[in-house]
Amino acid sequence: MRFLRFVRALALLLCVVVAASACSATETVTINDATIANATATAQRNAAGPTEPTPTVESTTAVATTDAAASDGNSATTTTPTPTPVASDDSDGTGTSNVADGRACSYAGVDSFGDMQIEIAFISPLPEQSDATVDYEVIARGGAVLASSTHFIEELQSGEAVRVTVDTVTDAPTGSDGASGITCRILEIEPLLFGFNAFEPQPGDSCTFAEVDSFGDIQVQIDVVSPLDDTAELAIDYALRGPDGVRFADDVTFTDSVGAGQLWSGAADTLTEFPDWVNESTFSCEILSIQEF
0 MRFLRFVRAL
10 ALLLCVVVAA
20 SACSATETVT
30 INDATIANAT
40 ATAQRNAAGP
50 TEPTPTVEST
60 TAVATTDAAA
70 SDGNSATTTT
80 PTPTPVASDD
90 SDGTGTSNVA
100 DGRACSYAGV
110 DSFGDMQIEI
120 AFISPLPEQS
130 DATVDYEVIA
140 RGGAVLASST
150 HFIEELQSGE
160 AVRVTVDTVT
170 DAPTGSDGAS
180 GITCRILEIE
190 PLLFGFNAFE
200 PQPGDSCTFA
210 EVDSFGDIQV
220 QIDVVSPLDD
230 TAELAIDYAL
240 RGPDGVRFAD
250 DVTFTDSVGA
260 GQLWSGAADT
270 LTEFPDWVNE
280 STFSCEILSI
290 QEF
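Residue 0 is where the sequence shown starts when you use numbering that gives the first Met the number 0, and the numbers rise one by one after that.
Worth double-checking, as some hints may not be accurate.
Claimed, not checked - Derived CB-CB ranges, DEER-like:
hint, residue 1, residue 2, range
1, Thr281, Asp228, 35 to 43 angstroms
2, Asp228, Phe193, 17 to 25 angstroms
3, Gly113, Asp228, 43 to 51 angstroms
In case anyone wonders, no lab produced these hints; they're calculated from the structure.
C-beta atoms are modelled at their ideal positions from N, C-alpha and C, and glycine is treated no differently.
Can you build the whole structure from these sequences, using the hints too?
Listed below in structure tokens is the structure:
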């Protein structure tokens with residue numbers, strides 16, 4: 000199944016025209032829940048247009064935000080904390096985060112293979128749900144680009160908060176201070192200009208937590224009724240979410256042949272561990288789309 004997902008992603012990549020755009024000035028902060036809320040507030044200010052400057056408020060208040068309307072015209076209102084401003088400190092040149100235009104990128108160290116890992120966080124700028132690409136760069140302390148690539152997001156929703164760890168598949172610099180001061184930045188978030196004939200999940204379709212396996216990976220249970228008119232294999236896209244519905248991973252599971260209107264139930268290995276800011280009590284899983292494979 001992982002090979003099929005790779006082939007699917009490769010087909011998408013061949014059709015993407017990657018256009019890097021200049022990023023605005025950045026400041027050094029740490030990606031956390033406050034950063035997500037700050038990104039949300041920035042996205043809202045950008046959408047509202049220029050406003051008069053307001054005094055800095057030290058206390059934490061709450062603001063109501065309305066999610067983008069679903070295809071059925073319904074919308075949901077959630078309350079997002081307005082974070083206390085985070086002071087930047089890059090005096091020693093070892094800052095690892097960049098925040099620009101409501102987007103944040105942080106160097107997260109290396110994996111067991113020595114590949115650099117980064118964490119990206121942003122509020123979706125897309126006007127409607129679509130597969131999307133996120134272009135990024137990883138930058139050395141001296142300014143040299145260490146890695147530049149594209150991360151795919153399955154069925155990114157309008158206004159959705161995302162916080163995902165990305166494997167750059169690039170070795171970290173060698174030397175005693177090779178990893179010191181590494182930063183990264185998001186260059187562009189774009190929808191794919193084509194897509195497959197995807198169906199929205201129906202009210203009876205579900206994705207629920209099952210267990211954590213012996214490797215520490217999240218296992219989920221998926222139940223869907225085929226929306227197709229004919230018997231076919233299905234590709235089911237789903238998102239893994241943490242507190243406040245923030246997406247931290249997504250994946251796709253494939254089925255055997257399913258008849259029209261037939262219920263399919265199966266377990267899916269997400270091959271994803273809980274990040275340190277998510278646990279079983281704050282976890283949720285959402286089916287994003289169903290399509291013929």
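Here's how the hints hold up against the structure:
Against the hinted window of 35 to 43 angstroms, the Cβ-Cβ separation of Thr281 and Asp228 comes to about 39 angstroms, which satisfies the hint. For Asp228 and Phe193, the Cβ-Cβ distance of about 22 angstroms falls inside the hinted range of 17 to 25 angstroms, so the restraint holds. Between Gly113 and Asp228 the C-beta distance comes to about 49 angstroms, which sits within the given range of 43 to 51 angstroms.
Of the numbered hints stated above, none is contradicted by the structure.
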